[in-house]
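The lines below spell out each chain.
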Amino acid sequence: MSDFRPILRPALATKKAVASAALKLSPLPEGTILHVLARSGEQDIVPLLDSLAKPAAHAVRPVSPGQWFIVHEEPMHHKEMKSLFAALEPRATGVDQSHGRVRIRIEGKMASRALSKGTAVDLDPSAFPIGQSAVTLIGHIAAHLTRVAPEAFEIIVLRGFAESLWDDLARMSLEYI
Amino acid sequence: MASLVPCPHCGQRPKEEFTIKGAALTRPAAGAEAADWFDYVYLRDNPRGAYEEYWHHTSGCRRWIVVTRDTVTHDVAASRDAADRARSEART
Ligand SMILES: [Zn+2]
Chain U
-1 MSDFRPILRP ALATKKAVAS AALKLSPLPE GTILHVLARS GEQDIVPLLD SLAKPAAHAV
59 RPVSPGQWFI VHEEPMHHKE MKSLFAALEP RATGVDQSHG RVRIRIEGKM ASRALSKGTA
119 VDLDPSAFPI GQSAVTLIGH IAAHLTRVAP EAFEIIVLRG FAESLWDDLA RMSLEYI
Chain D
478 MASLVPCPHC GQRPKEEFTI KGAALTRPAA GAEAADWFDY VYLRDNPRGA YEEYWHHTSG
538 CRRWIVVTRD TVTHDVAASR DAADRARSEA RT
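Residue numbers (the working numbering), protein chains in the order written: chain U, -1 to 175; chain D, 478 to 569.
Keep in mind that a hint or two might mislead.
No farther apart than 30 Å at their CA atoms in a straight line, the calculated lysine-lysine pairs in the DSSO-like style are these [stated by the list, open to error]:
1) U:K22 <-> U:K115
2) U:K22 <-> U:K52
3) U:K80 <-> U:K14
4) U:K22 <-> U:K80
5) D:K492 <-> U:K115
6) U:K14 <-> U:K107
7) D:K498 <-> U:K115
8) U:K107 <-> U:K13
9) U:K107 <-> D:K492
To give an idea of the interface, some chain D residues facing chain U are shown, with a C-beta separation under 7 Å as derived from the structure [said to hold, decoys possible]:
10) P483
11) P491
12) K498
13) E530
14) Y531
15) H533
16) S536
Source of the hints: derived by calculation from the structure; they are not laboratory data.
Ideal placement from N, C-alpha and C gives every residue a C-beta, glycine not left out.
Isolated chain U (complex conformation):
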């Protein structure tokens, strides 16, 4: 047996804080991220997702046609996840991505200016209001972007890219710090 023991540590634990009055970058707690994929022909399962997520205060984020993320700050117990996945069937399938993806928050009055250096998505509040999500390139890294408050965005990125994206965002933010 190998002596190697994988240690679970937050992907962005070693990153230095990036914060000023105009912009703040922070790693979000590595709680729960569930990827939901609807079966073909089952495009409108939003009411089902809302009914499952809302009572537990989980957020539902659209990803692409027939796909969503269910997001929660806290880790979800195995039992709760199992029953949630069971409730999705047979219309959709859930996949636990809690350790596979990492969330980053970027906020402040210069947050959208900094993000606009990396993505072509129009981040004006009229085109990208609170609750709106988009999957897009930020620089060279694909990420899922959601406006969660008037001046705050949540970014969901694959874990292996999280440090690179953080470093890119930190560099994009330098002039506002």
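Starting from the structure of chain U, add chain D with the ligand where the hints point.
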């Protein structure tokens, strides 16, 4: 970021978010002649003007789309989800 490609799901996005797969041709029937398959797999017209292409929105919604594009002007006349195109073809 130069060329913008309209995704039916995501809106205008830079071409860097996409992967181009080439001409959107109609696939021959499974039992078609070898010559038809050879044509489908290897031969392309490379037209000057209107062209239907498969694009994959790799760094976006990850859907295959069919873009009707002018190879001279890059004017995009239409952009559809490949599944919708397949469904409308199956009906005709
Ligand atoms: Zn798209």
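Here's how the hints hold up against the structure:
1. Taking the CA atoms of K22 of chain U and K115 of chain U, the gap is near 16 Å; set against the 30 Å cutoff, the hint holds.
2. Pair hint K22 of chain U plus K52 of chain U holds up; C-alpha atoms about 28 Å apart against a cutoff of 30 Å.
3. Of the pairs offered as hints, the one joining K80 of chain U and K14 of chain U is violated, with about 36 Å between alpha carbons and a cut-off of 30 Å exceeded.
4. A C-alpha spacing of about 36 Å is found between K22 of chain U and K80 of chain U, which places the hinted pair above 30 Å, so the restraint is violated.
5. Taking the CA atoms of K492 of chain D and K115 of chain U, the gap is near 16 Å; set against the 30 Å cutoff, the hint holds.
6. The straight-line distance between the Cα atoms of K14 of chain U and K107 of chain U is roughly 21 Å, inside the 30 Å bound, and the hint therefore holds.
7. Restraint check for K498 of chain D and K115 of chain U: satisfied, since their Cα atoms lie roughly 28 Å apart, inside the 30 Å limit.
8. A hinted pair counts as satisfied when its Cα atoms are at most 30 Å apart, and K107 of chain U with K13 of chain U qualifies at roughly 22 Å.
9. Pair hint K107 of chain U plus K492 of chain D holds up; C-alpha atoms about 29 Å apart against a cutoff of 30 Å.
10. Taken as an interface hint, P483 of chain D does not check out: its beta carbon lies about 12 Å from the nearest beta carbon of chain U, beyond 7 Å.
11. Nearest Cβ of chain U to the Cβ of P491 of chain D: about 5 Å, under the 7 Å cut. The hint holds.
12. Look at K498 of chain D: its Cβ only gets to about 18 Å from chain U, farther than 7 Å, so that hint breaks.
13. Hint status for E530 of chain D: violated, given a least beta-carbon distance of 20 Å to chain U, over 7 Å.
14. Checking Y531 of chain D against chain U by beta carbon gives a least distance of about 17 Å; that is not within 7 Å, so the hint is violated.
15. Nearest Cβ of chain U to the Cβ of H533 of chain D: about 12 Å, over the 7 Å cut. The hint is violated.
16. With 7 Å as the threshold, the beta carbon of S536 of chain D comes within range of chain U, its nearest partner Cβ sitting at about 4 Å, so the hint holds.
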